[in-house]
Structures are given as structure tokens and as C-alpha cells.
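Student: Listed below, chain by chain, are the residues.
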Amino acid sequence: MTIISFFIPTDKDILRDIKEDTRTIKFIGEGSVKQKLDVTKFIRKFIYRFDAVKTVRQIVYIKKGLSWELESISAIQSQNKKIS
Amino acid sequence: MFVDIHSEIYSWIRGGLFVLVIYHLLIYFQNRRTTYLYYSLYLLGLFIYFYQHVFDNIVSEGIYEYINFPIQFLAYACFALFTRNLLETRIHNVQWDKFLELEVKVLLALAPMFIFIELFLGYEFQLQSFTIVGPLLTIFNLVSFYYLYKIPGITSKYFVFGSLLYVVLANISFLQLFLDEEVFANYGVHPMFFIYIGAFIQSIVFASTLGHSVKRIEQRSKNAEVKLAIKQKQMEELKMTALQSQMNPHFLFNSLNSINNFVLKNDVEKASDYITKFSRLIRVILKSSSSLTIPLSEELGILGLYVKLEQMRIKGGFEYIINVDNGINLEEVKVPPLFLQPYLENSIWHGIMHVEGDKRVELTIRKEENSIRCEVVDNGIGIDNSKRQPHKQINRRKFFGTQATENRIKLLHRQANVVVDISDISTEEKTGTKVTIVFPISS
Numbered sequence: 280m281t282i283i284s285f286f287i288p289t290d291k292d293i294l295r296d297i298k299e300d301t302r303t304i305k306f307i308g309e310g311s312v313k314q315k316l317d318v319t320k321f322i323r324k325f326i327y328r329f330d331a332v333k334t335v336r337q338i339v340y341i342k343k344g345l346s347w348e349l350e351s352i353s354a355i356q357s358q359n360k361k362i363s
Numbered sequence: 010m011f012v013d014i015h016s017e018i019y020s021w022i023r024g025g026l027f028v029l030v031i032y033h034l035l036i037y038f039q040n041r042r043t044t045y046l047y048y049s050l051y052l053l054g055l056f057i058y059f060y061q062h063v064f065d066n067i068v069s070e071g072i073y074e075y076i077n078f079p080i081q082f083l084a085y086a087c088f089a090l091f092t093r094n095l096l097e098t099r100i101h102n103v104q105w106d107k108f109l110e111l112e113v114k115v116l117l118a119l120a121p122m123f124i125f126i127e128l129f130l131g132y133e134f135q136l137q138s139f140t141i142v143g144p145l146l147t148i149f150n151l152v153s154f155y156y157l158y159k160i161p162g163i164t165s166k167y168f169v170f171g172s173l174l175y176v177v178l179a180n181i182s183f184l185q186l187f188l189d190e191e192v193f194a195n196y197g198v199h200p201m202f203f204i205y206i207g208a209f210i211q212s213i214v215f216a217s218t219l220g221h222s223v224k225r226i227e228q229r230s231k232n233a234e235v236k237l238a239i240k241q242k243q244m245e246e247l248k249m250t251a252l253q254s255q256m257n258p259h260f261l262f263n264s265l266n267s268i269n270n271f272v273l274k275n276d277v278e279k280a281s282d283y284i285t286k287f288s289r290l291i292r293v294i295l296k297s298s299s300s301l302t303i304p305l306s307e308e309l310g311i312l313g314l315y316v317k318l319e320q321m322r323i324k325g326g327f328e329y330i331i332n333v334d335n336g337i338n339l340e341e342v343k344v345p346p347l348f349l350q351p352y353l354e355n356s357i358w359h360g361i362m363h364v365e366g367d368k369r370v371e372l373t374i375r376k377e378e379n380s381i382r383c384e385v386v387d388n389g390i391g392i393d394n395s396k397r398q399p400h401k402q403i404n405r406r407k408f409f410g411t412q413a414t415e416n417r418i419k420l421l422h423r424q425a426n427v428v429v430d431i432s433d434i435s436t437e438e439k440t441g442t443k444v445t446i447v448f449p450i451s452s
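Line by line, the protein sequences are chains A and B. Offset between the first sequence (1-based) and the working numbering: plus 279. Offset between the second sequence (1-based) and the working numbering: plus 9.
These are calculated hints, taken from the structure and not from any lab test. Note that the Cβ used here is the ideal one computed from N, Cα and C, for glycine as well. Be careful, since some hints might not be right.
[What the hints assert, rightly or not] Just a few of them, taken from the derived set where beta-carbon distance is under 10 Å, the chain B residues facing chain A:
1. I76
2. F108
3. L301
4. T302
5. P304
6. I311
7. G336
[What the hints assert, rightly or not] Here are the simulated lysine-lysine pairs, DSBU-like style, with alpha carbons at most 35 Å apart:
8. A/K342 - B/K279
9. B/K286 - A/K324
10. A/K324 - A/K305
11. A/K291 - A/K315
12. A/K333 - B/K279
13. B/K439 - B/K240
14. A/K324 - B/K396
15. B/K274 - B/K242
16. A/K313 - B/K224
17. A/K305 - B/K419
18. B/K343 - A/K315
19. B/K439 - A/K313
20. B/K242 - A/K324
21. A/K313 - B/K240
22. B/K443 - B/K396
23. A/K291 - B/K317
24. B/K396 - A/K315
25. A/K320 - B/K419
26. B/K240 - A/K342
27. B/K166 - A/K342
28. A/K342 - B/K439
29. A/K313 - B/K242
30. A/K305 - B/K114
31. A/K342 - B/K296
32. B/K296 - A/K313
33. B/K114 - A/K320
34. B/K274 - B/K236
35. B/K343 - B/K296
36. B/K107 - B/K242
37. A/K324 - B/K114
38. B/K286 - A/K343
39. B/K240 - B/K274
40. B/K343 - A/K291
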């Protein structure tokens, strides 16, 4: 792996950051990297298994230099209400 | 002449066989092809078998009563090995090759067995045993010839002809075990006449067969050398193409132009940022161009850097989305360096540059059974429209590098299961182009 290699936060990284595990979290899709001029983000969607409403949430990482930093976790609702 | 086993014709044949033994042994030591070794040993066995008639009765009844049949079995074992080698039965008839292998083992077992029979039971018992074993061997050989004849090529036909002739004539000679010598004498021949003639004709036919086989091997070797030279040339051309088509030269010049523009506008920070990223990109490209392949993770990293530079050049920028299957080990998948860059470049400069509003290029990497599917989708004007575009000042560039890329990836995977498709995905509501590249996973 070189300094320029492409990589994204793994499921393990995400679960560690949100302090959950696969028993409580179910990921939706594979996630995407969105690169714009000023910012590069990685977005992964998930639901809580025991959430009766099955609200879809997304975890957003932001690229800082060579690493990814957790930016936010939010429910994908019309208001995009931030939880943390 | 044909009745007396000591006459010239039999001596010539014996002498000829011995010369062939030495000749083929020398060829074996020269080129180490075991075909010649086995044939030489087979002829040696025949020669030793024929030589019993040169000795007087005391010697022939002494030594030859022990080795008469064993030497034949050993000779035929070498013949079976010669057959397998010459006709490449391991390749052309795997099933029957196993039977030939078994025949070799049986014959090698029979040789010492007959010596023990002579030791404990006497010559008569050997003769009786051979009257059972001999016909069985003959039947096996005849069935073998049927299957061996089917092997493609003229070598098998020559071989079967020569062998069949020998087997038939040898069996006529072996009739002496059941008939009186006088029967043969009435025809003016010694009983061994037929096997001698069979060996003689077989040697001539096999000489031609071996010559043809050598010619075939040499031709195959020449063809392989030619193919290798062509492949080496292609690989060199591939490397050159890889180096040359790493990047559209326009990109390099336009990048320098952009830096110049930033400086002129006094946007020192942007100029510095662009130069840093640009020099990093050039350094990475130069490093990766020395390899025929790089990991997909590195390729995506380089693409990200390239796209960042383009985003800096384009007013309003555009969104670059990357979707990667979690199941893909990006370090293990190897790709030609910058094989996706030309398609991204075309998406940007021939696609999204001509649309208003949100501009987007999306790269998706998926795993499909044993292949990787790469899709570049943009919401530009579509390739069909793009080709109809008049040449504009800022857009005077060609579709660059895509053909070279396609060739590189096809050559890398030897054309197997490689798909490159570019299609216009425009509908009434939206426009765009989709590039699909599918190639097998190789480590």
C-alpha cells in the first residue's frame, strides 16, 4: 500500500466509531466516496436492527489529509436531523 | 541363403540393428530425448535376442535358455516406453497411456519371472508359459494399434504400420513353437526369417517416423520462438504505449497553463496547491509507468488526484463519486497503470463540460464471479451528441488514449473475457454516457 492508495473506512472502523456491532447495526449498500473540489466525503447508510421504524441513517466521514475522520451520523429525514 | 541363420542376410540385419543401437544412443546423449534412449534399448534387446543364433549350442543352451524370453520382454517394455514418448500418448490418449504404462510394468515383472521359471521348472515350462503370454501380448498390441492409429498426425500412422508389420511377421516366426522346422524349410526359409525381416522393415519405417517427429519438434520449437519474439515485441510496444498514453499531453500543457493563470490572477495559494498536487501526480505516474500493472487501490488513488486537478480547473467544479464493492481486495486486483484515466478525461471534457447545472462523474467497481466490472457514468451530453459537437476553442481535444487502454487491458489478460463498451445512456429526461470495462481477476 502506498501513500496514494485509495481506501475507505471498513465496516469494522465504522462500528468502532459508532460503538456498535453487527448484532445491532445492519449496513445498507456499500457506501460511496463523494469527491468535490474542496471536500471529499465517505457516506455509508445503515439501520438499527431493533428500530421498529427502520429509520435509515447515514454516517459521514470526511477526508483529512491521508485519513478519514468521522464527521456526523444523521437520520435521513427531510430535516436531516443530526443525532450526534 | 534364407534357411541358414548364419548366412549374410541375417548377419547384415543383426549388424544393422547394432549400428542403429549405437546411433540412437549417441543421438540420445546429444539431445537427451528419451525417445531415442528407449528405441535404442529396444533395438539392443532385439539384437541380443537375435545374437543367440550366432553362438554354438553350448552357449545358446546355457545362457540363452535363461535370457531368451526375458530379453524379449525387456525389449518390448522399452518399445512400449518408446511408443508413449514418440506418440505423446500422455497428451493424445490419456486412457490408453495408462494401459501402456501397465504393459511396461507387466513386462518388467515377467522378465525376472521367466528366469525363475527356468531355474526351478526348466525351459519347457518357459515355452509353455510363453505360448500363453505371447498371444495375449499380441492381442494387446493389436488393440493398442487401433487406438494409437487414431492419434492425429502422420507419425502415428507410420508407427502403427511399422509395428503391425513386425508383430505379424514375428508371430509367423513364433509359429515354430507349434510347427516343425521342416515346414519352414519347405518354403526355403529359416523360422526366424520373418521376425528378422519384420525387424528390418520396422527399423526403416521408424527411421522415417523419427525423422518426421524430429522435424515436427523442430518446427514446434521454431514456432514457439517466433511466438515468443512476437509476444516480447508486443510487450515492449505495450510498455511504450503505456508510457506514451499515460496522459494526454494536452493535460500536461493545460495544467501548466492553469498554474500560469492562477499566478497571473495573484491566486498564489491556488497556484501552490495545484503545483503540489500536479507534481505528486507526475511523480506517481512516472513511478507506476515502470510496472505493467499496479494494485487497483493505487489506480483509484491516482485517479482521485487527477480528478482533483481537473476539478480545480473547471469553473463550478463537478462531483466525482466512487462506489467500491466491499468484497474486493483492492490491493490484490492488478490493473494497467492509469487504464481508467482516459475514460474519466473523456467524461469530463466531452461529457459534463457541455451541460449546465450539476455535473457528475460516477465510477463503480463491482465484483462479478471471477471478474471485475468498472463503470464510468456521467451526466454529460452523451457520446452520440459529443461526436456531433463542432470544434470549439477550449474543447479542441480528441478522444485520447481509450483505444490504447483497451489494447493494454486485453493484452494483459490475453483477450480472455475482457469487455470494453461505451454507450450513450441518454433518455428524454436526462443525458449521459456509460463506459463499462470487465476483466478477469488476476493476482
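Student: Taking the hints in turn, state whether each one holds.
Tutor: Taking the hints in turn, this is what the structure says about them:
{"no.": "1", "hint": "I76", "verdict": "71 Å, violated"}
{"no.": "2", "hint": "F108", "verdict": "55 Å, violated"}
{"no.": "3", "hint": "L301", "verdict": "17 Å, violated"}
{"no.": "4", "hint": "T302", "verdict": "14 Å, violated"}
{"no.": "5", "hint": "P304", "verdict": "7 Å, holds"}
{"no.": "6", "hint": "I311", "verdict": "6 Å, holds"}
{"no.": "7", "hint": "G336", "verdict": "9 Å, holds"}
{"no.": "8", "hint": "A/K342 - B/K279", "verdict": "19 Å, holds"}
{"no.": "9", "hint": "B/K286 - A/K324", "verdict": "31 Å, holds"}
{"no.": "10", "hint": "A/K324 - A/K305", "verdict": "9 Å, holds"}
{"no.": "11", "hint": "A/K291 - A/K315", "verdict": "26 Å, holds"}
{"no.": "12", "hint": "A/K333 - B/K279", "verdict": "45 Å, violated"}
{"no.": "13", "hint": "B/K439 - B/K240", "verdict": "45 Å, violated"}
{"no.": "14", "hint": "A/K324 - B/K396", "verdict": "39 Å, violated"}
{"no.": "15", "hint": "B/K274 - B/K242", "verdict": "49 Å, violated"}
{"no.": "16", "hint": "A/K313 - B/K224", "verdict": "63 Å, violated"}
{"no.": "17", "hint": "A/K305 - B/K419", "verdict": "39 Å, violated"}
{"no.": "18", "hint": "B/K343 - A/K315", "verdict": "27 Å, holds"}
{"no.": "19", "hint": "B/K439 - A/K313", "verdict": "21 Å, holds"}
{"no.": "20", "hint": "B/K242 - A/K324", "verdict": "50 Å, violated"}
{"no.": "21", "hint": "A/K313 - B/K240", "verdict": "41 Å, violated"}
{"no.": "22", "hint": "B/K443 - B/K396", "verdict": "15 Å, holds"}
{"no.": "23", "hint": "A/K291 - B/K317", "verdict": "28 Å, holds"}
{"no.": "24", "hint": "B/K396 - A/K315", "verdict": "27 Å, holds"}
{"no.": "25", "hint": "A/K320 - B/K419", "verdict": "34 Å, holds"}
{"no.": "26", "hint": "B/K240 - A/K342", "verdict": "43 Å, violated"}
{"no.": "27", "hint": "B/K166 - A/K342", "verdict": "72 Å, violated"}
{"no.": "28", "hint": "A/K342 - B/K439", "verdict": "31 Å, holds"}
{"no.": "29", "hint": "A/K313 - B/K242", "verdict": "41 Å, violated"}
{"no.": "30", "hint": "A/K305 - B/K114", "verdict": "64 Å, violated"}
{"no.": "31", "hint": "A/K342 - B/K296", "verdict": "25 Å, holds"}
{"no.": "32", "hint": "B/K296 - A/K313", "verdict": "27 Å, holds"}
{"no.": "33", "hint": "B/K114 - A/K320", "verdict": "71 Å, violated"}
{"no.": "34", "hint": "B/K274 - B/K236", "verdict": "57 Å, violated"}
{"no.": "35", "hint": "B/K343 - B/K296", "verdict": "15 Å, holds"}
{"no.": "36", "hint": "B/K107 - B/K242", "verdict": "41 Å, violated"}
{"no.": "37", "hint": "A/K324 - B/K114", "verdict": "68 Å, violated"}
{"no.": "38", "hint": "B/K286 - A/K343", "verdict": "15 Å, holds"}
{"no.": "39", "hint": "B/K240 - B/K274", "verdict": "52 Å, violated"}
{"no.": "40", "hint": "B/K343 - A/K291", "verdict": "25 Å, holds"}
Violated hints, in rising order: 1, 2, 3, 4, 12, 13, 14, 15, 16, 17, 20, 21, 26, 27, 29, 30, 33, 34, 36, 37 and 39; the structure is consistent with all others.
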